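For the record, the sequence lines run as chains V and P. Each residue of the first sequence is one higher than the one before, starting from 17 at the first, in our numbering. Each residue of the second sequence is one higher than the one before, starting from 17 at the first, in our numbering.
If you are wondering where the hints come from, they were derived from the structure by calculation, not from laboratory data. Just so you know, not all the hints are guaranteed correct.
[As the list claims (entries may be wrong)] Just so you have them, the derived chain P footprint on chain V, three or more residues with Cβ under 8 Å:
1) 45-54
2) 69-75
3) 101-110
As the structure is a prediction and not an experimental result, all values here were calculated from the model. Ideal placement from N, C-alpha and C gives every residue a C-beta, glycine not left out.
There are 2 protein chains.
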Amino acid sequence: MKNVTLPPTEERLAQIFRALGNPLRLQMVRYMAEHPQCITGDLVLASDLAQSTVSEHLKVLREAGVVAGVVEGPARSYCLNVDTLRWLREQVAFLTQDLEACCVVEPVVSERSIK
Amino acid sequence: MKNVTLPPTEERLAQIFRALGNPLRLQMVRYMAEHPQCITGDLVLASDLAQSTVSEHLKVLREAGVVAGVVEGPARSYCLNVDTLRWLREQVAFLTQDLEACCVVEPVVSERSIK
DNA sequence: CTGCTTTATCGTATTATATCGATAATCGGA
DNA sequence: TCCGATTATCGATATAATACGATAAAGCAG
Numbered sequence: 017m018k019n020v021t022l023p024p025t026e027e028r029l030a031q032i033f034r035a036l037g038n039p040l041r042l043q044m045v046r047y048m049a050e051h052p053q054c055i056t057g058d059l060v061l062a063s064d065l066a067q068s069t070v071s072e073h074l075k076v077l078r079e080a081g082v083v084a085g086v087v088e089g090p091a092r093s094y095c096l097n098v099d100t101l102r103w104l105r106e107q108v109a110f111l112t113q114d115l116e117a118c119c120v121v122e123p124v125v126s127e128r129s130i131k
Numbered sequence: 017m018k019n020v021t022l023p024p025t026e027e028r029l030a031q032i033f034r035a036l037g038n039p040l041r042l043q044m045v046r047y048m049a050e051h052p053q054c055i056t057g058d059l060v061l062a063s064d065l066a067q068s069t070v071s072e073h074l075k076v077l078r079e080a081g082v083v084a085g086v087v088e089g090p091a092r093s094y095c096l097n098v099d100t101l102r103w104l105r106e107q108v109a110f111l112t113q114d115l116e117a118c119c120v121v122e123p124v125v126s127e128r129s130i131k
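Using the sequences and the accompanying hints, generate a full structural model.
Now the structure itself:
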């Protein structure tokens, strides 16, 4: 947890979480899941946002590796990056495994863990 | 995707993603997974940050429902909220299921989805 | 080459986040 | 009740994110 050198995996996972941590981008991801190979204009029409704003959100998703775009004539067709999403699912599964409820359901008396 | 009324579930999921979208908070979550019922001071010692900063990060995690704290004498013992993490895992699994690689591995020619 | 369509980028204003030091609140023990 | 230990909150500041309109870039049709 020290700031010394954060594992690149950790930074990358956080980047993906951050990309998905915006309701609009999350909706974009869902839209793309339902509409494979949709183009930017589709997402603009499906939202209330300016074209430039949608483009910026796509940039965030692209840089996080959540989506990928290919040139499609004058437009760009966007898709989810399945590899990234699979990796995310594994990481989340790993992060949430082997956890036992401690103080949520039934508060448990504990001793200080350090000094 | 319209901004009209975002489902509360979507906003909540985004909130959890946002909470986990910071490397330090992600590390805190891992620390808590390894050290059940640790107190705030443990997290402060394990980080390079000021106590107030750690406290703010805990607040973000708390408000997202990722962690829960119980009073433990003058200190506060923190734990992961297992219910939230399980819910997150389900949501991520749902989000990433039934996806087929489209333009990432092998670009596919597509037609416009709208108009 | 010239337009037309589509998308990305730039400049900018507003809002949110991160971090710290200082201070307040809370609890248990003397 | 007062003190020490622990944590939360406040105020300030710096950085990052969000959103828009305007403009640039890129590709295709003619």
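Status of each hint after checking the structure:
no.	hint	verdict
1	45-54	holds (count 8)
2	69-75	violated (count 0)
3	101-110	holds (count 6)
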